[in-house]
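Chains A and B, in that order, give the protein sequences.
Every position in the first sequence, counted from 1, becomes a number in this note's numbering once 373 is added.
Every position in the second sequence, counted from 1, becomes a number in this note's numbering once 373 is added.
No lab work stands behind these hints: they were computed from the structure.
Any given hint could be a false lead.
For identical chains, the list gives no copy identity; a pair is met inside one copy or between any two copies.
Below, a list of computed lysine to aspartate or glutamate pairs in the EDC-like style, where the Cα atoms sit at most 20 Å apart [as the list claims (entries may be wrong)]:
no., residue 1, residue 2
1, LYS550, GLU422
2, LYS550, ASP482
3, LYS550, ASP448
4, LYS590, GLU559
One-letter residues, chain by chain:
Number of protein chains: 2
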Amino acid sequence: MPLNIPIAENILSANDRLAEENRTRIEAAGLFSINMMASPGAGKTSLIENTLPRLADKVRVAVVDGDIATSLDADRAAAAGAQASIQINTGGQCHLDAVMLHGALDQLDLKQFDLLIVENVGNLVCPADFRLGTHKSVLIASIPEGDDKPYKYPGMYRGVDALVINKIDLLPYIPFKMDFFQRGVEALNPGVITFPLSCRTGEGLDAWIDWLVQNVKR
Amino acid sequence: MPLNIPIAENILSANDRLAEENRTRIEAAGLFSINMMASPGAGKTSLIENTLPRLADKVRVAVVDGDIATSLDADRAAAAGAQASIQINTGGQCHLDAVMLHGALDQLDLKQFDLLIVENVGNLVCPADFRLGTHKSVLIASIPEGDDKPYKYPGMYRGVDALVINKIDLLPYIPFKMDFFQRGVEALNPGVITFPLSCRTGEGLDAWIDWLVQNVKR
C-alpha cells in the first residue's frame with residue numbers, strides 16, 4: 374500500500390477579471406470562440422489543419438497559437454487556410470492566460486471573423502486553471518495516451534465543454550479500454566459531448582465540424 | 374506570417390538548495406537515482422513496470438510516484454515488484470519539486486535500496502524547471518507524440534541526461550520522421566544517450582536495463 378503525501382492546492386484566480394474582458398470583446402464582435410487544450414502530441418494542430426479546409430467559404434477563422442517556442446503551429450494554421458494566425462510565444466510558461474490572449478486580440482480586427490480558435494500550450498494540467506474568456510473549452514484526448522488519463526488528470530477532464538478523442542485509427546494496435554476511459558469521463562463530466570475521430574483518416578470529423586458550425590450560427 | 378508576442382520567462386530557482394540536500398542524503402546512502410519525466414501517456418509507468426522485473430535479484434528499487442490524483446501509478450510500481458513505492462499527490466500541482474521529494478525520502482530507509490526511481494507528473498514543461506536532487510534526468514518520448522516535440526519543448530529536451538523513445542512498435546502506423554526528430558534532439562542536447570524501445574514488445578529494453586545497472590554499480 375503506497376503512502377500518500379498530500380500537498381495543498383494552488384488556487385489561481387487573479388486571471389479571471391481579464392478573461393471576462395476578453396469575453397466581452399469577443400461577444401461584441403459576434404464571434405464563437407474555443408480554447409483547445411491537450412497533452413503534447415494529442416493532435417491539436419492536426420485537428421485545426423483538418424478543420425479549416427472543411428470550414429472554408431462558410432466560416433472565417435482566426436487562430437491564436439500558444440507555444441513555448443517556435444511558430445510551427447501558427448505556420449501550419451496559416452498554411453491550412455486560417456484568415457489570421459497569431460503566435461504567442463510564452464517564453465517557457467506552461468499555459469496561456471487571459472493576459473496573453475488579451476494581447477493577441479489586440480492584433481486582430483475581430484469583426485472580420487466568425488470563429489476564434491485558441492490553441493493552448495500542450496499540457497494536461499496547468500491550462501485548466503487559467504480561464505481565457507472563450508465560450509467553450511475543448512479537450513483533445515488521444516488513444517495512445519492511454520485509457521487512465523481521466524482518472525489521473527481530473528482537473529482537465531472535469532472542466533471542459535467538449536471532448537475530442539483523436540487517433541481512433543490506432544485502436545487496433547494499442548490496448549485501450551474505451552469503457553474504462555468513458556466511465557472515468559462520465560464520473561467527472563457527466564454527459565459531456567464527445568467526438569471520437571481520426572485526423573489521419575478523416576473518420577468522425579463531420580460531427581465535430583457540425584458542432585462548430587452550429588455554435589458559430591447560434 | 375504569424376505575429377509573435379514574447380512573454381518574459383519565469384525563472385524558478387528557490388528550490389535548488391533543498392535539491393542539494395536531497396542529493397546529499399541519496400549519496401550518503403549509496404543510491405543511484407533518476408528523475409523520469411514525460412508527457413502524459415508517453416509510458417513512464419509502463420517503463421517502470423517493464424524495468425522492475427528485469428532488475429529483480431540484482432537491484433533493490435524504491436519508486437516515488439508523483440501524480441495529481443489517484444495512486445494508480447504507485448500501485449502499478451508495487452505490483453511490478455518495487456521494494457517500496459511512495460505516492461506523492463501534488464493536489465493539482467503540475468510538477469514535483471525538491472520539497473515533495475524531501476518529504477518522500479523521509480518515508481524511506483534509503484540504505485535498503487540501490488536505485489531510486491522518481492516518476493514525475495506527466496508534463497513536458499514544468500518539471501524541467503524543478504531540480505529534485507536526483508543524479509540523472511530521463512525523458513521518455515513516444516512515437517505517437519510526433520516528431521516535432523524537441524523543437525516545441527526545448528527546455529525539457531535540453532536538460533536531460535538520457536532519452537527513451539518509447540512505442541517504436543507503432544512506427545509502421547504513424548508518420549514520424551526519425552531523422553527530423555533526432556536532428557532536433559542533437560541540436561539541443563548533443564550526444565545525449567538514447568534508448569529507442571517498446572514497452573509493449575520488449576524490443577530495446579536490454580540497453581536501457583544495462584545503462585541502469587552500470588550506473589547503479591558505479
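Which hint numbers does the structure go against, in order from smallest to largest?
The structure conflicts with hints 2 and 4, although it agrees with all the remaining ones.
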